[in-house]
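Peer 1: Residue-level listing of the chains:
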Amino acid sequence: MADEWTAKLETYLDGELSAGEMRDLDAHLRSCPSCAAGVISRIQIKRAVHSAGKRYSPSAEFRQRIRKSIATKPGVSPIRMWLAATAAVALLLIAGLVTFTVRQQQLQRRQTFSELADLHVATLASANPVDVISTDRHTVKPWFQGKIPFTFILPELQNSEFTLIGGRVTYLGQAPGAELIYQVRKHQISVFIFQNRNAGHDLGSGSSSLQQLSFNIESWNQDSLRYFVIGDASSNDIRNLADLLKKAR
Amino acid sequence: MPLFDQLFNFAHWLAQDRTEAEDLVQETYVKALKGFSSFQPGTNFRAWMYRILRNTFLTSRTGLKASATIPLDSEDGPELPAGPETPETILIEYSQSQILQTAIESLPIHFREVLLLCEVEEMSYQEIAETLSIPMGTVMSRLSRARRALRESLQQKLART
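Here the protein sequences line up with chains G and B, keeping their order.
Add 1006 to the 1-based position in the first sequence for the working numbering, that's all there is to it.
Add 9 to the 1-based position in the second sequence for the working numbering, that's all there is to it.
No lab work stands behind these hints: they were computed from the structure.
A portion of the hints provided could be inaccurate.
Here are the simulated distance ranges between beta carbons [unchecked claim]:
| id | chain 1 | residue 1 | chain 2 | residue 2 | range |
| --- | --- | --- | --- | --- | --- |
| 1 | B | 131 | G | 1192 | 46 to 52 angstroms |
| 2 | G | 1252 | B | 68 | 58 to 64 angstroms |
| 3 | G | 1202 | B | 51 | 28 to 34 angstroms |
| 4 | G | 1229 | B | 14 | 51 to 57 angstroms |
| 5 | B | 165 | G | 1019 | 19 to 25 angstroms |
Given the structure is predicted, the values throughout are model-derived calculations rather than measurements.
Built from N, CA and C at the ideal position, the CB exists for glycine as well.
Given the sequences, and given the hints that come with them, work out the whole structure.
Peer 2: In structure tokens form, the structure reads like this:
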């Protein structure tokens, strides 16, 4: 088992593990002195190589020579060269910034969805999965009054496969929200609703659907609220329930 | 000139000769300017420049000689398990950068370049894969072998001192 972690230490220090693996390894390092020592020695080597590797500098004469040779090259004017170099640097910066931003957003999205998957599993594993038990939306919705700082609309479920089981107050990023449990055939599905500014982790304004730890997830913004529908039901079921919630008036 | 100092440093590590490094960098800029229209906006400019430099090196006399010594063992196999931890006494010796630089120099070219791109240029595995035109899996296994080879080389050199 320790070997399995040890094999990942270098990839970990290179920042190339997935967010989940990074978290697992972080947790492991707190309890494994051998791997922690391995990390320290590898960091020292990395730093030493980083500094020893910056060994050679071009001479001033060579720099000047290259400038001149490029500037005097037929068909390549100094202005064109300058424009090309500036455009290249700008492209490099933009590409770097875009990559960084996209990676950050992906990481935050994954973290949020992972936390929601945990909440969903914890609810299903609980002896008392819901605090208000009712199949009637007119009972469940008023129950949340005074418990969360917003209100929401629940859909009419007649002629659909879904049944409302109940609801409970939940928290994401220390902000309160509503968790509603629905059933479709033998599958239980959680619907999480939070205020958009709290659920954010900057999930963007659009809708999205994906798989996380074998769960299907739909998420979207509506009326300043962020909705998440998550469960082990098929992606069609998850989408159908999401559509019902979106159309609820 | 973008990336001038970094490219020169990398070229010198590859060629291990100042004059050859200067020729490589000069040719790299000439090729880059000539082929700038072929650079696709949105792709990685840094990886593109390093790829030109590396390809120029590989087709040079020194590069052909160096690449001919690449061992034939498979690189796409599983990564090597990390070796035993380096004793702290040896880590302290890393401050002797002359020994470390000699150890890096003594690495085969395909280990040296992947190690330098990762540790000195701080490229991501994806960027390294683009620069060296190899799959990500090969980057990881080659890097793992390069690090192990460096550790072993260091231990040998330090044992001799």
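Peer 1: All hints, please: hold or fail.
Peer 2: How the hints compare with the structure:
no. : hint                                  : result
1   : B:131 with G:1192: 46 to 52 angstroms : holds (50 angstroms)
2   : G:1252 with B:68: 58 to 64 angstroms  : holds (59 angstroms)
3   : G:1202 with B:51: 28 to 34 angstroms  : holds (31 angstroms)
4   : G:1229 with B:14: 51 to 57 angstroms  : holds (54 angstroms)
5   : B:165 with G:1019: 19 to 25 angstroms : holds (24 angstroms)
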